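Visitor: Sequence:
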Amino acid sequence: MSKLLNIAIIGNTDDGKSTLIGRFLFDSDALYKDHLAQIKLQDSERQQKHIKFSHVTDGLQFERAENITIDVAHISFSTENYKYVFADTPGHIKYLHNMISGISNADVAIVMIDVEKGLLEQSKRHILIASLFQVPYLIILINKIDLINYDQDIYKQLVSQCKTYISQLSIINKIFIPVSAEYGDNIVNNSIRTPWYQGPTLFDYLESTFPERYANHQDFRLFIQNTLATTSGTAYFGQIASGSVKVEDLLFILPSKTHSRVKKLFYGEDEVGSASVGDSIAIYLEDDLSAIRGNLFAGNGKLPVIDNKCNAIVVWLSRNKLNHQKQYILQQNTRRTEIKSINTVQLLDFERLNYSNVNTLNFSEIGKLQIKSISEVIYDCYKSNKNTGYFILIDPVTNETSAVGFFHERD
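If you read the sequence shown in our numbering, its first letter stands for residue -12, the second for the next number, and so on.
I should point out that these hints are in silico values taken from the structure, not numbers from a laboratory.
Any given hint could turn out to be false.
Calculated lysine-lysine pairs in the PhoX-like style (CA-CA distance at most 25 angstroms, straight line) [what the hints assert, rightly or not]: (1) K296 with K233; (2) K70 with K81; (3) K373 with K355; (4) K370 with K289; (5) K81 with K289; (6) K359 with K296.
Taking CB as the label site, the calculated pair distances span [stated by the list, open to error]: (7) T321 with R180: 50 to 56 angstroms; (8) T321 with I135: 49 to 55 angstroms; (9) I279 with T151: 47 to 53 angstroms.
Predicted model only: the values in this text are computed from it and were never measured.
Beta carbons: idealized from backbone N, C-alpha and C, even for Gly.
Just need the whole structure built from these sequences, with the hints factored in.
Guide: The following block contains the structure:
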């Protein structure tokens, strides 16, 4: 059975993200004949001489008319090694919400950079966000290499600039590949027009790497989604965010820190002896404790932080700037906590990658916050546990998502 590989295509608008996926599928013979025929017909009606590969993923009529990606398009196909799921994310800054949706569960991020435009601010923003989400593999495609007549020196200068920037971020696995998404150079097949490049094609690299899907297998965490009183006791339903659990394990209910042992576990209708990360289960305890939706089960080991003060890095997504008078809602999974105050705000400089004190954050900006909540926040630092280290801030008036955030250690 092929392993699942989630791939997010990111980068500035018009750098060739949609074209890349279309070309990748075409050259690997993964396009259905009727789909290809439909695209050819539509392109001929627009009097285009060649296949517009971006139309493979740009499904909305407006997207095709304006040659931009708005929504996240998910395209999948399988090889012997992997089941690929490509998330074609929008490059335009006003669709940052959708870009984050596409990258949040990625195993690999492919960054498209136009060789003539170079490393722009939006490309840097996307790379930073990939770093914040700790995407384990970053593939930087220097695209439109045909427009510089496959010049190695220009390519190397841009790669050097990108390496300098990326070296300051927490990205371990990275590779640079010169490509032309339009003409297929080094996408699936090696290009005879880049004899100076001796590395793998994009397809060969994806097929030969084995990224381990992120999961914290040590610390058991489960946010309660629902409860049900039965003749056998109270059933607590939820999906395991990290770690594993088995019958007779000692569990703590947070934030109260009351505890009991597991009496029974159910996976669907089947009673099981154990369950692990990703499983949606029902837990029955030996003792009848008062646990409710939004409480967290934690194993008898390293417990998460329980505090009404926390530090976080956020990406501000609202068109309305950060307002200190609003009591935003901090939501983690099923747990919602009202914010009392945001005491310190620091803005990240995309060029220098340092922080400076500011009064507020505006749309698309990244910053550090010191948050004080009315009730306790239960969290792990994001670098140790993605599923309990991630949250969103919700505007209490509009109910829109104002920011996505990542918990980090207290200073």
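Visitor: Now look at each hint and say whether the structure bears it out.
Guide: We went through each hint and held it up to the structure:
no. : hint                               : result
1   : K296 with K233                     : 32 angstroms, violated
2   : K70 with K81                       : 31 angstroms, violated
3   : K373 with K355                     : 18 angstroms, holds
4   : K370 with K289                     : 15 angstroms, holds
5   : K81 with K289                      : 40 angstroms, violated
6   : K359 with K296                     : 5 angstroms, holds
7   : T321 with R180: 50 to 56 angstroms : 53 angstroms, holds
8   : T321 with I135: 49 to 55 angstroms : 51 angstroms, holds
9   : I279 with T151: 47 to 53 angstroms : 50 angstroms, holds
Violated hints, listed in ascending order, are 1, 2, 5; each of the other numbered hints is respected by the structure.
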